[in-house]
Amino acid sequence: MTALFEYTLRIGDDSLILGQRLSEWCGHGPILEEDIALTNIALDLIGQATTLLNYAGECEGKGRDGDALAFLRFDREYKNLLLLEQPNGDFGSTIMRQFLFDAFRKPYFEALQKSTDSTLAAIAEKSLKETRYHLKHSSEWVIRLGDGTEESHNRVQEALDDLWRYTDELFFEDEIDQELIQLGIAPAMDTIRTIWYQTVTGIFEEATLKIPTNNWKYAGGRKGMHSEHLGYMLAEMQYMQRSYPNMEW
Amino acid sequence: MVTTAQVWSYLEEVSDPEIPVLTIVDLGVVRDVQVTSSNCHVVITPTYSGCPAMKMIEEQIIEKLTEKGIDSCSVELVLAPAWTTDWLTESGKEKLRTYGIAPPEHEPDKSVLFAEPIKVPCPRCATKNTRMISQFGSTACKAQYQCNECLEPFDYFKCLK
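So the sequences go chain by chain: A and B.
Here the first sequence stands for residues 35 to 283, where the numbers follow the numbering used here.
Here the second sequence stands for residues 858 to 1018, where the numbers follow the numbering used here.
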């Protein structure tokens, strides 16, 4: 089914692109424990991406597996959220990006567990257990940094001001979603948005952070229209497969 | 013909590549064994989505069964029902402790922010006077702790539910 392929590709790309971004922290974390934490989270996301993209390949039925989808597409064919391809910035910025996404992913996977598609339901059940740990980690850091020193507060507030414009896209719905919502495969986004908003406003209050009043919103990732950052990232990610096709180690 | 029970006992000879003291049966990743006249089928499940050991476990299963004279075998990976630390056997937990990794306790450390981390007894001196260093450790399934009394840093096999 085309819609199921496209839908699974979107959520698989979310995990893949954020996992790749986080893995850039490997060896560069501000402290050893956070270096390990960020790369552990990256590993969970890459694991989810593997399962999701393999399944997307099955749905497509053209013989592409997860590796082919991950490494052999052009930028316009990636359907991840714009938020997730944004550069890491400083630690506060990485944590803010992570928190905005984790706060969405938890209620999303909770809802997707009830999918009438048994594969997606199983992936959601598995991934939810990991996402709970991710959300706890990013929430605590948002509070610690926001309600920390003047310097940490300012940096994490700047990150929020910068990233907020990408959050509307978390709840993107088009005819593909509509078709799958009708079939009970995909969850509707309205309830998830409410839960997400409660989570982020609660944490920002504790963190003494303010949601920007500028309501300009960006979207396009779900349709393959990306920011300039994705291309550079894919160039690095795909280099080996493009230069040495089918290489393995 | 080989029996299902024999295959289970062979699988008890396959150890987890990351925690060699545990067999894959102790770890609870083996879900099912189906023996027919022509094939031996083993069903496994990952502990974490990104667990890099799964591929190796699959290869080790095939290697072990081949070594035991089973010519035709296959391994299937399933996700549901999702693995939790409840699948870890009691003897597995004891082996972990002896090896120096604290086995999972009670409930996952998940809901309350900044909650006092779960008190994990030190696998060396058994005191509960320990502290969490980080929720994320050397592998996806572990957290880092340190004992306040014997000062030994240790891994905690964290609860997943």
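Hints in this document: simulated from the structure, not taken from any laboratory.
Possibly wrong hints are sitting among the right ones.
A few chain A residues facing chain B, derived, Cβ under 10 angstroms [stated by the list, open to error]:
1. HIS62
2. PRO64
3. GLU68
4. LEU77
5. THR150
6. THR153
7. ALA156
8. LYS170
Beta carbons: idealized from backbone N, C-alpha and C, even for Gly.
Now the hints, each set against the structure:
{"no.": "1", "hint": "HIS62", "in the structure": "violated (16 angstroms)"}
{"no.": "2", "hint": "PRO64", "in the structure": "violated (13 angstroms)"}
{"no.": "3", "hint": "GLU68", "in the structure": "holds (8 angstroms)"}
{"no.": "4", "hint": "LEU77", "in the structure": "holds (4 angstroms)"}
{"no.": "5", "hint": "THR150", "in the structure": "violated (14 angstroms)"}
{"no.": "6", "hint": "THR153", "in the structure": "holds (8 angstroms)"}
{"no.": "7", "hint": "ALA156", "in the structure": "holds (4 angstroms)"}
{"no.": "8", "hint": "LYS170", "in the structure": "holds (6 angstroms)"}
Violated hints, in rising order: 1, 2, 5; the structure is consistent with all others.
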